[in-house]
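**Student:** Here the protein sequences line up with chains C and A, keeping their order.
Mapping of the first sequence onto numbering that gives the first Met the number 0: position 14 corresponds to residue 13, and the numbering continues sequentially without gaps.
Mapping of the second sequence onto numbering that gives the first Met the number 0: position 230 corresponds to residue 229, and the numbering continues sequentially without gaps.
Just so you know, these hints were derived from the structure itself, not from any lab.
Even for Gly, the Cβ is constructed at its ideal location relative to N, Cα and C.
It is possible that part of the hints are untrue.
[Claimed, not checked] The list that follows gives simulated cross-link-like pairs (lysine-lysine, PhoX-like), each with its CA atoms no further than 25 angstroms apart: (1) C:Lys1 x A:Lys448; (2) A:Lys182 x C:Lys1; (3) A:Lys145 x A:Lys183; (4) C:Lys2 x A:Lys448; (5) A:Lys24 x C:Lys2; (6) A:Lys183 x C:Lys1; (7) A:Lys447 x A:Lys436; (8) A:Lys27 x A:Lys183; (9) A:Lys145 x A:Lys72; (10) A:Lys145 x C:Lys1; (11) A:Lys362 x C:Lys6; (12) A:Lys72 x C:Lys2; (13) C:Lys2 x A:Lys183; (14) C:Lys6 x A:Lys448; (15) C:Lys6 x A:Lys24; (16) C:Lys1 x A:Lys24; (17) C:Lys234 x C:Lys102; (18) C:Lys203 x A:Lys360; (19) C:Lys228 x C:Lys138; (20) A:Lys362 x C:Lys2; (21) A:Lys436 x A:Lys362; (22) A:Lys436 x C:Lys6; (23) A:Lys150 x A:Lys27; (24) C:Lys136 x C:Lys108; (25) C:Lys285 x C:Lys253; (26) C:Lys1 x A:Lys447.
[Said to hold, decoys possible] So the derived list for chain C, only partly shown, Cβ under 7 angstroms to chain A, looks like this: (27) Met0; (28) Phe3; (29) Gly149; (30) Leu153; (31) Ile163.
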Amino acid sequence: MKKFILKILFFILPIIVLAVVADIFISSQLRNSKTFAHGELAIWKDIYAGNIDSDIVIYGSSRAWVHIDPLRIEDQLGGSAYNLGVDGHNFWLQHLRHLELLKHNRTPKTIILSVDTRSLQKRGDLYNLEQFLPFIKQKEIRNYTSAYEGFSYLDYQVPFLRYIGKREAMKEAISIYRGIESDKMIRVKGYKGFDEEWNSDFDKAKKKMKYYEVQLDTTSISLFDSFLKECATKKIELIMVYTPEYIEGQEFTKNRSDIIQLFQEKSEQYQFPFLDYSNDTLSYDKQYFYNAMHLNKTGAELFTDKLIEDIQQLRTLRETQ
Amino acid sequence: MLFNSVDFAIFLPIVFLLYWFVVSKNLKRQNLLIVLASYLFYGWWDWRFLSLIIFSTLVDYTIGIQLSKQDKKHKRRLLLWISILVNLGFLGFFKYYNFFLDNFITAFSFFGNEIQPNTLNIILPVGISFYTFQTLSYTIDIYRKKLAPTKDLVAFSAFVSFFPQLVAGPIERATNLLPQFGKKRIFAYHQALDGLRQIVWGLFKKVVIADNCADYANIIFNNSNEYSGSTLVLGAVFFAFQIYGDFSGYSDIAIGTSRLFGFNLRQNFAFPYFSRDIAEFWRRWHISLSTWFRDYLYIPLGGSRGGNWMKLRNTFVIFLVSGFWHGANWTFIAWGAIHALYFLPLILFNKNRRNMDIVAKGKIWPSISNLFSIALTFGMTTLAWVFFRAKTIEEAFAYISDIFTLALFDFPTIHPAYLFILLIIFMAIEWMGREGKYALENLGLSWKKPVRLAMYYALVLMILWYSGKEQQFIYFQF
Numbered sequence: 000m001k002k003f004i005l006k007i008l009f010f011i012l013p014i015i016v017l018a019v020v021a022d023i024f025i026s027s028q029l030r031n032s033k034t035f036a037h038g039e040l041a042i043w044k045d046i047y048a049g050n051i052d053s054d055i056v057i058y059g060s061s062r063a064w065v066h067i068d069p070l071r072i073e074d075q076l077g078g079s080a081y082n083l084g085v086d087g088h089n090f091w092l093q094h095l096r097h098l099e100l101l102k103h104n105r106t107p108k109t110i111i112l113s114v115d116t117r118s119l120q121k122r123g124d125l126y127n128l129e130q131f132l133p134f135i136k137q138k139e140i141r142n143y144t145s146a147y148e149g150f151s152y153l154d155y156q157v158p159f160l161r162y163i164g165k166r167e168a169m170k171e172a173i174s175i176y177r178g179i180e181s182d183k184m185i186r187v188k189g190y191k192g193f194d195e196e197w198n199s200d201f202d203k204a205k206k207k208m209k210y211y212e213v214q215l216d217t218t219s220i221s222l223f224d225s226f227l228k229e230c231a232t233k234k235i236e237l238i239m240v241y242t243p244e245y246i247e248g249q250e251f252t253k254n255r256s257d258i259i260q261l262f263q264e265k266s267e268q269y270q271f272p273f274l275d276y277s278n279d280t281l282s283y284d285k286q287y288f289y290n291a292m293h294l295n296k297t298g299a300e301l302f303t304d305k306l307i308e309d310i311q312q313l314r315t316l317r318e319t320q
Numbered sequence: 000m001l002f003n004s005v006d007f008a009i010f011l012p013i014v015f016l017l018y019w020f021v022v023s024k025n026l027k028r029q030n031l032l033i034v035l036a037s038y039l040f041y042g043w044w045d046w047r048f049l050s051l052i053i054f055s056t057l058v059d060y061t062i063g064i065q066l067s068k069q070d071k072k073h074k075r076r077l078l079l080w081i082s083i084l085v086n087l088g089f090l091g092f093f094k095y096y097n098f099f100l101d102n103f104i105t106a107f108s109f110f111g112n113e114i115q116p117n118t119l120n121i122i123l124p125v126g127i128s129f130y131t132f133q134t135l136s137y138t139i140d141i142y143r144k145k146l147a148p149t150k151d152l153v154a155f156s157a158f159v160s161f162f163p164q165l166v167a168g169p170i171e172r173a174t175n176l177l178p179q180f181g182k183k184r185i186f187a188y189h190q191a192l193d194g195l196r197q198i199v200w201g202l203f204k205k206v207v208i209a210d211n212c213a214d215y216a217n218i219i220f221n222n223s224n225e226y227s228g229s230t231l232v233l234g235a236v237f238f239a240f241q242i243y244g245d246f247s248g249y250s251d252i253a254i255g256t257s258r259l260f261g262f263n264l265r266q267n268f269a270f271p272y273f274s275r276d277i278a279e280f281w282r283r284w285h286i287s288l289s290t291w292f293r294d295y296l297y298i299p300l301g302g303s304r305g306g307n308w309m310k311l312r313n314t315f316v317i318f319l320v321s322g323f324w325h326g327a328n329w330t331f332i333a334w335g336a337i338h339a340l341y342f343l344p345l346i347l348f349n350k351n352r353r354n355m356d357i358v359a360k361g362k363i364w365p366s367i368s369n370l371f372s373i374a375l376t377f378g379m380t381t382l383a384w385v386f387f388r389a390k391t392i393e394e395a396f397a398y399i400s401d402i403f404t405l406a407l408f409d410f411p412t413i414h415p416a417y418l419f420i421l422l423i424i425f426m427a428i429e430w431m432g433r434e435g436k437y438a439l440e441n442l443g444l445s446w447k448k449p450v451r452l453a454m455y456y457a458l459v460l461m462i463l464w465y466s467g468k469e470q471q472f473i474y475f476q477f
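Take these sequences, add in the hints, and give me the full structure.
**Tutor:** Below, the structure written as structure tokens:
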């Protein structure tokens, strides 16, 4: 029996050593990826390296990072800007970026918070979990991601376990090591405009169901409240924005008006402006969208310019008061 | 819990260490640990179904003892029928209730009468098709006076619930497995090491071969009307390897795991894709099920006694029932019927008992005629797999008719080179190891240690590289 156990241990030992080395190697290489995990890795890297350091920061979901161009904001409003919109996630995970941002970068003067009907929902699955793979040892990443179905308890503890089966991640790490980088998708200061035409996602969704009812998550609402309180206390200029949404998509969400009402109430409670572009002319023109929820590049540029103008007006109004 | 999961990777060493370091000196404690571990293993899926397996255990334990006490034939028959009805009753309800109801309604509406269906949302308990047959073999063998009943409830419970083979076989016979629970197991180094090798090979077949083939088989089958005949052929071939890798891989892990605990289970797959005819295929594929049907259905029906008509009838019955055992769908029955039709000429011309040894035994290469026979048999079984995989009979027929078009000669639109290489390596290893109980049994034992180790590390690294999807074992749905 002793011989058997020793044989297994001696067989497993090199695998364990390899696992530890592989974990370190893959994590260190993946952190340098500009394109993997929809470009989110590059954003996390900038956060942890203290490269954000911006006057204006944009928070939100994919409707933030494809709608609001920080370079245009820099040009017209001055100062520095960065878009921290996180694809596919609600406010719960957007808040994680906020926490880590403040830990490793200076506090921004202005936060543009893109909100929508899904913001205060909380999805069950850890969408695009690949973005967390090299950063899983960060305390807040563990705290926040463990609230989802994605990583198991052992993934956080055992080296390399989370990489098993993630062949694309391992291939990406090897490509980066060899100096071969894919240029499929690059986000500039967190933003990318999609030069695409209208697709059939919405039509397919309509065929599946007549409408969609958003289930609000109470912990997300509490977190949202805490966040607003924090911005008020730290005197951060917070601007809540409901970016354009194609009109037919608006009609698809059953309890949309209740959710907008909630944002308006929060805006009044904490005295932050809430700019709602649901009825803007952009929302009525399909040519500016590639699906019901997302503006294409042309639409995003037009919208960013409108947003900048409205922010300037807000600031002027505040100064005169 | 799945064999290829982190949960099982933690569960197994804990049970192993407890078994050999804490309870090894006492038979009853060894068996009790097996029972508790097996119930934990089974309950991990759904604890509610533990009541089913416990009830089935108690019924058959009691009936076994009563059978041995009873001399009167009609009472013995009654006891046997109680066991059969309880076991097949559970199986019938959980697996076939909605199927029979749907078909009953369809038949009724054919005559112009509409009935409102009352289909139930029945969850199929994992492994029910396997453990019910296993316990039935116990009571039937006692009835036939081939086996004495056990009075040790713990040993019997361990026999019924033994976790390595509980959910997808091999379907063990009480005559083979139950006596092993009657003797204290002593740790045997070579048996345990061989068991580990078999586990590694089983994981390789499941994770590397089956799961990779599944990806492409699913793409092709789910969108079959978009692909050319040649691609559809590839889809069927990928499925053939998926089901083989999946099921035989599971059996290898089950048998290997059992050996870690000092148990010897029956071989369940003996390189069926090297078969030279359909009869040989069925002597090599899911052996525990085909022999179960042979011993408990085919032979009681008369077997091969009587004329050709009797043989044909019994063969058809076996294949149709076997098909139906696999699932509550006409596609499985059609699959069984196709194999029965394949068998027909072999029975009529008395050729079903040829090819009893493995092909090219003691040789490196097969003969040209053997190669042709292997290819033909593989082609026939692959064609039948289309029915097994399809959701409906119509889908299966559409798939096959789309194969036999001029596009059969086009270059396939899906042709993953890495998978072809993997399959070639896999079949080469299977070929080289075909004279053993599993491919790796003797392979490499005469090689120098570093080379042998390199092979094992290569297999383990490939398993780790391809892991992660945790695709369900196909046979869990049975």
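**Student:** Run every hint past the structure and note whether it holds.
**Tutor:** How the hints compare with the structure:
Using a Cα cut-off of 25 angstroms, the hinted pair Lys1 of chain C and Lys448 of chain A holds, with the two alpha carbons roughly 20 angstroms apart. With a C-alpha separation of about 23 angstroms, the suggested pairing of Lys182 of chain A with Lys1 of chain C holds against the 25 angstroms cut-off. About 23 angstroms separates the Cα atoms of Lys145 of chain A and Lys183 of chain A, which keeps this hinted pair within 25 angstroms; it holds. With a C-alpha separation of about 16 angstroms, the suggested pair Lys2 of chain C and Lys448 of chain A falls inside the 25 angstroms cut-off, and the hint holds.
For the proposed pair Lys24 of chain A and Lys2 of chain C, the alpha carbon gap of about 19 angstroms is at most 25 angstroms, so the pair holds. The straight-line distance between the Cα atoms of Lys183 of chain A and Lys1 of chain C is roughly 19 angstroms, inside the 25 angstroms bound, and the hint therefore holds. Note on Lys447 of chain A and Lys436 of chain A: the hinted pairing holds, with a Cα-Cα distance of about 22 angstroms set against a maximum of 25 angstroms. About 8 angstroms separates the Cα atoms of Lys27 of chain A and Lys183 of chain A, which keeps this hinted pair within 25 angstroms; it holds.
The suggested pairing of Lys145 of chain A with Lys72 of chain A holds, with an alpha-carbon distance near 16 angstroms, which does not exceed 25 angstroms. Between Lys145 of chain A and Lys1 of chain C the alpha-carbon distance is near 40 angstroms, which puts this suggested pair outside the 25 angstroms criterion. As the CA atoms of Lys362 of chain A and Lys6 of chain C are separated by approximately 34 angstroms, the hinted pair breaks the 25 angstroms bound. For the hint linking Lys72 of chain A to Lys2 of chain C, the alpha-carbon distance of about 54 angstroms lies beyond 25 angstroms, and the restraint is violated.
Of the pairs offered as hints, the one joining Lys2 of chain C and Lys183 of chain A holds, with about 21 angstroms between alpha carbons and a cut-off of 25 angstroms not exceeded. At most 25 angstroms may separate the alpha-carbon atoms for a hinted pair to count; Lys6 of chain C and Lys448 of chain A meet this at roughly 13 angstroms. About 23 angstroms separates the Cα atoms of Lys6 of chain C and Lys24 of chain A, which keeps this hinted pair within 25 angstroms; it holds. As the CA atoms of Lys1 of chain C and Lys24 of chain A are separated by approximately 16 angstroms, the hinted pair is consistent with the 25 angstroms bound.
Annotation: proposed proximity of Lys234 of chain C to Lys102 of chain C holds, straight-line Cα distance about 17 angstroms (limit 25 angstroms). The hinted pair formed by Lys203 of chain C and Lys360 of chain A fails the criterion: a straight-line CA distance of about 58 angstroms is larger than 25 angstroms. Our distance criterion of 25 angstroms between C-alpha atoms is met by Lys228 of chain C and Lys138 of chain C, whose separation comes to about 23 angstroms. Annotation: proposed proximity of Lys362 of chain A to Lys2 of chain C is violated, straight-line Cα distance about 36 angstroms (limit 25 angstroms).
At most 25 angstroms may separate the alpha-carbon atoms for a hinted pair to count; Lys436 of chain A and Lys362 of chain A meet this at roughly 17 angstroms. With a CA separation close to 23 angstroms, the supplied pair Lys436 of chain A and Lys6 of chain C stays within the 25 angstroms bound. Taken as a hint, the Lys150 of chain A and Lys27 of chain A pair is honoured in the structure, with Cα atoms around 13 angstroms apart against an allowance of 25 angstroms. Taken as a hint, the Lys136 of chain C and Lys108 of chain C pair is broken in the structure, with Cα atoms around 29 angstroms apart against an allowance of 25 angstroms.
For the hint linking Lys285 of chain C to Lys253 of chain C, the alpha-carbon distance of about 21 angstroms falls within 25 angstroms, and the restraint holds. About 23 angstroms separates the Cα atoms of Lys1 of chain C and Lys447 of chain A, which keeps this hinted pair within 25 angstroms; it holds. For Met0 of chain C, the suggested interface contact is upheld, since its CB lies about 5 angstroms from the closest CB of chain A, less than 7 angstroms. Interface hint status for Phe3 of chain C: upheld, as the beta-carbon distance to the closest one in chain A is roughly 5 angstroms, under 7 angstroms.
For Gly149 of chain C, the suggested interface contact is broken, since its CB lies about 13 angstroms from the closest CB of chain A, more than 7 angstroms. This hint holds: Leu153 of chain C has a C-beta 6 angstroms from the nearest C-beta of chain A, less than the 7 angstroms allowed. For Ile163 of chain C, the suggested interface contact is upheld, since its CB lies about 5 angstroms from the closest CB of chain A, less than 7 angstroms.
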